[in-house]
Structures are given as structure tokens and as C-alpha cells.
Amino acid sequence: MIKFESVTFIRPNGVVALKDINLEIEKNELVTIVGANGAGKTTLLKHMNGLLKPTKGRVLIDGVDTRKTSVASLSKKIGLVFQNPDHQLFSESVEAEIVFGLKNFGFDEREIKRRTEKILEFFGLKELRDRAPLTLSGGEKKRLCIAAVLAWDPDVLVLDEPTVGQDLQNRLKLYEVINELRRRGKGVIIVSHDIEFLWPLQARTIVMADGEILKDGPAYEVFMDRELLKAARIRQPQLAELSTKLSLNFPFKGVEDAVERLLRSD
Amino acid sequence: MAYMLAEGLTFRYEDSPIHRRDPRAKLLLSICLFIVALSSNSVIHILIVLALISIPAMIANILKRMAKTLVFSLTFSVFIFVVNFAVGYDVMYSLTLALRFIAIVAAASLFFLTTSPDELEYVMRWMKLPRDFVFAFVTAVRFVPVLLLDLLQILDAQKSRGLEVERGGPVKRIRNLIPILIPLIVNALIRSGELAEAMEARGYGAVKRPTSLYVLSFDKWDAILSSLSVIGSVIFIYLSFLL
Ligand SMILES: Nc1ncnc2c1ncn2[C@@H]1O[C@H](COP(=O)(O)OP(=O)(O)OP(=O)(O)O)[C@@H](O)[C@H]1O
Ligand SMILES: [Mg+2]
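If you read the protein sequences in the order shown, they are chains A and B. Sequential numbering of the first sequence, starting at 1, is according to my numbering. Sequential numbering of the second sequence, starting at 1, is according to my numbering.
Please keep in mind that the hints were generated in silico from the structure rather than gathered at the bench. Each residue gets a CB set at the ideal place from its N, CA and C atoms; glycine is no exception. Hints may be right or wrong, so weigh each one.
Claimed, not checked - Reference listing, derived: stretches of chain A covered by chain B, where coverage requires no fewer than 3 residues with Cβ under 8 Å from a Cβ of chain B:
id : segment
1  : 40-54
2  : 68-78
3  : 88-94
4  : 100-114
Said to hold, decoys possible - No farther apart than 20 Å at their CA atoms in a straight line, the calculated lysine to aspartate or glutamate pairs in the EDC-like style are these:
id : chain 1 : residue 1 : chain 2 : residue 2
5  : A       : K68       : B       : E166
6  : A       : K77       : B       : D156
7  : A       : K103      : B       : D156
8  : A       : K53       : B       : E166
9  : A       : K76       : B       : D156
10 : B       : K172      : A       : D108
11 : A       : K141      : B       : D156
12 : A       : K68       : B       : D156
13 : A       : K76       : B       : E164
14 : A       : K103      : B       : E164
15 : A       : K103      : B       : E166
What the hints assert, rightly or not - Between beta-carbon pairs, the in silico distance windows are:
id : chain 1 : residue 1 : chain 2 : residue 2 : range
16 : B       : G169      : A       : K113      : 18 to 28 Å
17 : B       : A188      : A       : R264      : 54 to 64 Å
18 : A       : R114      : B       : S192      : 37 to 47 Å
Please put together the full structure from these sequences, using the hints given.
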């Protein structure tokens, strides 16, 4: 379990990036985090594997204070994937890129082979295994970054802006990955500005602004609260907006849902 | 740590009587202090020079950031002291050399902390240096903080993949740098490629003598500062040889 106990984080230059954050996330939860630029979302994520330590308060992962353990041992449980693939791809081949993390976490050779095969297969990277990661397309790079983290099978996958520059196929693949992880009882935390991507997930949604959590609730509540969205400077997903305009009690979750309910109602 | 370094090196605009001076006046001031520091040959003289440097630094409100830069140069200066002392010079002489190094760095950083990369560019053009050279130099200076930010993000990403930079023996530690250096270099290359294309797309090199949006202007206060710098340093050097 991930637990923030009145966490405040002040940067060396005096910016208060997190203000008294209290938060509990179960290991099998799907959580999405939204908020304007500079709201503190990435800063929050970096506290989950100990890259950043709170100035005040504490962060507990499975009851262990992040101050009292290493980033590596926390990352084994909480797998963070950052936005820019160019900041992490360095190996001579796609395969080696996946092996890197597995070696760091001390898996033996047989296990490394087994996991690498499995993950290459699942992410459709098998044909690309000998390619240099730097020559891949943006979408392939992104897939590789996620695959490289999932290879060591963390309890929770944390994605910062996973949909930037991704085409339809990659977005669908991302849904697939999320669903698969959920089926296996894993947790997924997603930070994104792409609310149209988040809406169909209907996940627990955390709204951040200026280093604070404004609201923590189900998507259908958060995205129907226009006052809240205005305060957080976030747009309403189109289906939620349509539902608002139609004064529905319960918003359309997806296009199919909308069509079905609209056809039924007339 | 790297963040501190970035902070110390990057120019940040502040509105102070020093920042507002013509960059040529600031350059002259720094050069004068530099020469004075070079010509001082006793601990007392160098301490006076450091005090002199701290006056404009105080006015420009950069004392704290200059101190950070000096903390880094301190390591070199300790090195200078140890080497000289070990070679057989006496303590006072070795100390003078070590302190002189700090004073020189302080004089130079006074200029770089109060002069924006843009101003630097104008001064270099005013000196009639080749345009491509000026551009390359200014771009390099501008890239330093960008590269440091890249470095921080790369470190975070690789640590999240289980990399522990400080683990293992000496060979392993050097190998640990590969996952950090490669993305750093690749990103720098990508950036410079993009920059070159963007520059060309916007007509870089289309005319021999491009015009400038800002024109350097040397006003009364610049003249006063410059005369003070020159006269002050002549007197200082004269007195230091006399006394
Ligand atoms: N390396 C850094 N040094 C100094 N300040 C930083 C640094 N990174 C972020 N900040 C500041 O910390 C605050 C929170 O930034 P953070 O990156 O967590 O925001 P975010 O919600 O992830 O924004 P975005 O949507 O743009 O990614 C901002 O005020 C930002 O300017
Ligand atoms: Mg962010």
C-alpha cells in the first residue's frame, strides 16, 4: 500500500511543490491523477519510489518509510515510467534494454530469458528485438519503456503522461496493458492531461492544483463537478459535458453506453 | 547537488544597478578586478581584492550564488595549496596562490552572473569576432543549464529502473555511468540537430551583416563605472608595489 502522511515538499529554490498531502492507495487500485501544468503531479509520483523525500511528513510503501530504504528496492515494487523515452533508452538493442532492469534487480539468467521473451511477446516487440532503441518510432519507444519496467513485475505501474504523441493503436494497446494488469491484481497509477483517454477508465480520480489535492473521488463525480474543474483548470471530457448538458443524473461512460441509453430513452 | 550546480552557473535576471550597466562596462570591471587579483602577491592584498569584488556583487544581489561557485572552486584551490606546499614553497606563498585562484574565479563570475547570454553575444559581436564563433559560444553557454536539467531527469529515470550509481567496485561504477551518459549525449545531439534546422529555417546566414534588435549604449553611469575600474586598479597596483 502507498500511504502519504501529511507530506509537504519544498524545493531548494523555495517552491512549495506539495502541500500537506494525505493519500492512501491500495496496491490493486487503478488511480488517475489530473491537474494543470505545475500542479505537482510528477513531484507526487517521484515520492512513491523515493526519488524525492518529503520535507515534512512521510511516505510509506507497505509500511516502510521511503527515507529508510533505497530507491532501487522501492522501484522493485513501484515501477515508474517517465514521460520522455529519450531520457532512458541507451542500450544497443531492444532486448538489452529490457534485460537492464532485470539484471539490476538480480534475477538469474534463466528467469531473465523467460521474462524477456514474455514481455517482448506481450508488447509486440518481438520483431524489433535486435533494433537499436534510438531508431524506433515514438510509439515503439514508449512501449519499450513500459515493457522494460513491467519486465520485473512491479506491484504497481506508475505512468507519467503515457499518451503524449501516441497514435490510436498505441492508445488501445495502453488500455489493453492496463486491463491485463488489473486482471492480475496489479495497481496502476496514471498521470495525464489526456482526459478523453482517462474518461472511459472510470477510475478513482485525484485532482491536484498548486501542490494540493482538491478532490479525490470516482471519475463520474470529479468530471461532472464543473466548479471543481474550473478551479483546477481542467476541461470536461466530451461525454461528461454532453451528460451535463442533458442534465443526466449519471453520465455516459462511453460512446456505446451513450448510444444505448439514448436509443432506449426515446 | 547537480541542481545546486545548475543554480550557481545560470544567469538569472535581476534588476540592479550592476545588471543594468552596459555589458562592456561590466566586462571592463571584471577584467580590472581580474588583473588586480593576478598582480596581488600577498594574502592581505588578495583579501582586499575579494572585499572589492564583494561590493558590486552585493549591489547586484548575487553574493549568495557567487559563494556557491566559490565553494566549487575551493576544491581546486585546496589542490593548488597542497601541490605547492608539497613541492617545497612556504605556507604563505602556497596560500597566496590558492587564494589568488579563488579571487580570479570570483572576478570572472561577477561578469557571468550579471551578464545575460544575449548581452554576451552583443559584446562578442562588438569585438568583431566571427559570427559563427559567437553563435557557437553563446549556444554552448545557454546549453549548460539545459543539459543539467536533462541529466537530472535521466538520473531519475535510470534510478527508477534499479540503477545504483554508487554501487560496486571502481570498474562497475564507471560502467554505471553508461546508462546516464548515452541518453545525455543523444539528447544533446538531437537538440543541436533540431536547433540547426530551426535556425536555417529562420534564415540564419542569409545575409552577411544581420541587423540587431538591441543596440549597445554606453551611458554616463557606464563611463563612471569604467573610469573607476581603470583608475582604481592602477592605483591599487601602484600602491601594492610601493608598500
Ligand atoms: N527540477 C525542478 N527544479 C525546480 N522546480 C521544479 C523542478 N521540477 C518541477 N519544479 C516545480 O515544481 C512544481 C511542480 O512541478 P511538477 O513537475 O510536479 O508539476 P506537474 O503537475 O507534473 O506539471 P506538468 O503537467 O507540467 O508535468 C512546479 O512549480 C514546477 O515549476
Ligand atoms: Mg509532470
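Now the hints, each set against the structure:
no.	hint	in the structure
1	40-54	holds (count 3)
2	68-78	holds (count 5)
3	88-94	holds (count 3)
4	100-114	holds (count 4)
5	A:K68 <-> B:E166	17 Å, holds
6	A:K77 <-> B:D156	16 Å, holds
7	A:K103 <-> B:D156	18 Å, holds
8	A:K53 <-> B:E166	19 Å, holds
9	A:K76 <-> B:D156	14 Å, holds
10	B:K172 <-> A:D108	19 Å, holds
11	A:K141 <-> B:D156	18 Å, holds
12	A:K68 <-> B:D156	18 Å, holds
13	A:K76 <-> B:E164	13 Å, holds
14	A:K103 <-> B:E164	12 Å, holds
15	A:K103 <-> B:E166	16 Å, holds
16	B:G169 <-> A:K113: 18 to 28 Å	27 Å, holds
17	B:A188 <-> A:R264: 54 to 64 Å	59 Å, holds
18	A:R114 <-> B:S192: 37 to 47 Å	41 Å, holds
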